[in-house]
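Chemist: Single-letter residue listing:
There are 2 protein chains.
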Amino acid sequence: MIKFRNDYLKSFITEAEIAAIQPEITTAHNTLHNRTGPGNDFTGWLDLPKGMEAQLERIAQVGQRIAGLCDTLIVIGVGGSYLGARAALEFIRGKNYNAFAEGTPTVHFVGTDLCPDTIVDLLNLCRDKSVCLCVVSKSGGTTEPAVAFRIFRQFMEEKYGAAATERIYTITDEKNGSLRALTTQRGYTSFVIPGDVGGRFSVLSPVGLLPLAAAGVDIKAIIGGAQAAKADFADASIQNNDCYRYAAARNILYRRGLTTEIMAFYDPSLAMFAEWWKQLFGESEGKGGQGIFPASVCFTTDLHSLGQYVQDGKRNLFETVLSVTQPFTDIAVPHEGGGDGLDFLSGKSLHHINTTAMEATAEAHVGGGVPNIILEVGKRDAYHLGYAAYFFQLACGVSAYTLGVNPFDQPGVEEYKKAMFRLLGKPE
Amino acid sequence: MIKFRNDYLKSFITEAEIAAIQPEITTAHNTLHNRTGPGNDFTGWLDLPKGMEAQLERIAQVGQRIAGLCDTLIVIGVGGSYLGARAALEFIRGKNYNAFAEGTPTVHFVGTDLCPDTIVDLLNLCRDKSVCLCVVSKSGGTTEPAVAFRIFRQFMEEKYGAAATERIYTITDEKNGSLRALTTQRGYTSFVIPGDVGGRFSVLSPVGLLPLAAAGVDIKAIIGGAQAAKADFADASIQNNDCYRYAAARNILYRRGLTTEIMAFYDPSLAMFAEWWKQLFGESEGKGGQGIFPASVCFTTDLHSLGQYVQDGKRNLFETVLSVTQPFTDIAVPHEGGGDGLDFLSGKSLHHINTTAMEATAEAHVGGGVPNIILEVGKRDAYHLGYAAYFFQLACGVSAYTLGVNPFDQPGVEEYKKAMFRLLGKPE
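Residue numbers (the working numbering), protein chains in the order written: chain A, 1 to 428; chain B, 1001 to 1428.
Just chain A, same shape as in the assembly:
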């Protein structure tokens, strides 16, 4: 469950304002669900929670096979072919997953950039490991993953010879593109990225689920969470729909000139989830000279960095706080008569102190004129990851239609590619 808390927002937005935007939210809801809006051929993600059920068994089995074959899983992909899996892995298992992985492979992401160090370091790390590859790319033609795959394919073939084939898994388009062609030619085990699901909406497809299954995550629970979210937010009435309440609030704030939204979280294991969120909203809404700029902060860390700006800088921003109510682990501040000035915290749990810091910060930032939306997530587990993924995808679709843009294209991403291919001499 995700609960929308109004207590640090109500001094900025009245219920009348929420009611006034209801017709626009209803229109956006209908446009999305009736598939009548721009980009409607990329709304397959709406049905993924139900649609994935038939595939879950096979994904789980292949995930287990990967876990049995290797101690090191390299996932090659960029953007939506990378962020969802990484965000989910850290959300569910924690950001230090690799340090504590036992019985399941460590997971390393590459093909995410063009920096030589990224590749060189990972090659060095893998020399003495037992490795599998999972390559995620709709077309196979995106430069970063294609370069990484060429290098690691060679690495695998040198290391394993013909047996490399059973250690390489691909997730790509059903029919088209160079990665599908390579898959067929070499006989790799493969999964399909549905044609009507865009990259940033693909975490609930094999794109997210196969790497997670290999890491031992309960992918049925993920899909269960997504199904629950779909059911919970089926009603377009904002009164009954915390997801649409979020979409409505951010549109109201944006129209007032609050053009930057900061996702704040108090658990570093949510950092990659915030990165996933930044792609989801930034790429969906940032077009035609419009859109809310998505930023993120890890509190309390960044209270000692960007906190000053948020409290007292230019007033063109609002915060969305992703707060996890149940701790993943906990520890108490030990008793000590050491004169360190901390005795008022002795015996208190760190999770309690952290949660108190969250409430105090919301109160302070509201006092500084920054609206705070609090989204409470029950727990950092597979179920809530699925729930949260669907929550934000749905909020994004409705929010972008309310803003008046196509949520499902990304025309601006082509510009630098055109210039790059020209400078690199790519044949037409």
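Hints in this document: simulated from the structure, not taken from any laboratory.
Keep in mind that this is a model prediction, so the values were computed, not measured.
Pulled from the structure, derived: some chain A residues nowhere near chain B, Cβ distances all over 10 angstroms:
1. K3
2. S11
3. T14
4. T27
5. T31
6. L46
7. E166
8. E174
9. Y188
10. K230
11. S237
12. R256
13. K379
Facing chain A, according to a computed beta carbon distance under 7 angstroms, are these residues of chain B, among others:
14. T1112
15. D1117
16. V1120
17. Q1279
18. T1301
19. L1306
20. Q1308
21. P1327
22. F1328
23. T1329
24. I1331
25. D1340
26. I1353
27. A1357
28. E1363
29. M1420
To be clear about the criterion: a stretch of chain A counts as covered by chain B if any three or more of its residues have a C-beta under 8 angstroms from a C-beta of chain B, and this derived list gives those stretches:
30. 100-114
31. 312-320
32. 415-426
Every residue, glycine too, gets a C-beta built ideally from N, C-alpha and C.
Please arrange chain B on chain A, whose structure you already have, making use of the hints.
Modeler: Below, chain B without anything else, positioned relative to chain A:
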């Protein structure tokens, strides 16, 4: 050296505009160097490059002692007591330093947040290691590091008994505060945070240098780089001063309504340097309802995420690209007749492709209406880290005075602390 490149900026800012702001920059320069402005009792960082020379030998020796004593160094600190050391370590040694550290200890940062997992994971990681602590806090009273230090002090005393004393190092105020009192009482080896140097300007003091020395970094080269930067930017004339050209350009753009500055970099090992930069500028300028909001992106990764927004979203932003001209490592795209569509890149070095992506992106974003400032740094090494730290600190001081704010206070940071201490029942 850092070179300010004008080629993706000149279509936005004329030389006449630069000349017009010269009097303000000159005034800011004089205010800073004559120490006549608000916050002038925190301008000690101006002289650190020269002032640190006398201490370098002792810092290097103690760093070596730490490296000899332990395989795992835990650095406890938050904000300016943390970001500088971490940014510098990753800048100089790469973000995967811990995976490849040989002969020098791995370095872990804690006391940076209040999430229980951070502490619990690190305790688990340290059980079988040989550990030293380096505790950085001016007062000792900041909650995050104070809590972490209480927990890890207990851990060390249980593990090492009386010998814990020689494994704990503190960096704190010369005379005041609970950490100085604990240091005296227990007999820890200690260094002084100069009273006239604020946290975000402290990386060139023992705060940054001791952890770096323990990790085997050449701290004399860092200070050498800072000294060179100080000499290079002594002249207030923008024509001869790339540092002030940067300060001038960002003020000109801000006055035009470009209120978000995105630091972009193409090497993931600069991510923490960008975090350091965000604190430096955000905390120095974000006050009184003013200031440029500092954000960062790791390209090409985030071209597949925030790239769409930057290319085509709301036009209230500009980019500052930190580009490293010499690669740290390199690797060529291997030849292969594999039909992956990449043959036009066969044999090309990844650094070349990455640099081409940078130029192409700047060209594309300029086409989308986003001014691009390119700052070229020669190399990711100790000398250039020192140079870059001084460059940005100086740019920040001059820029903030030009903006009309005190660069050296952070009044807004107290607000959430007040609320938190009230909610936690801290005695007055």
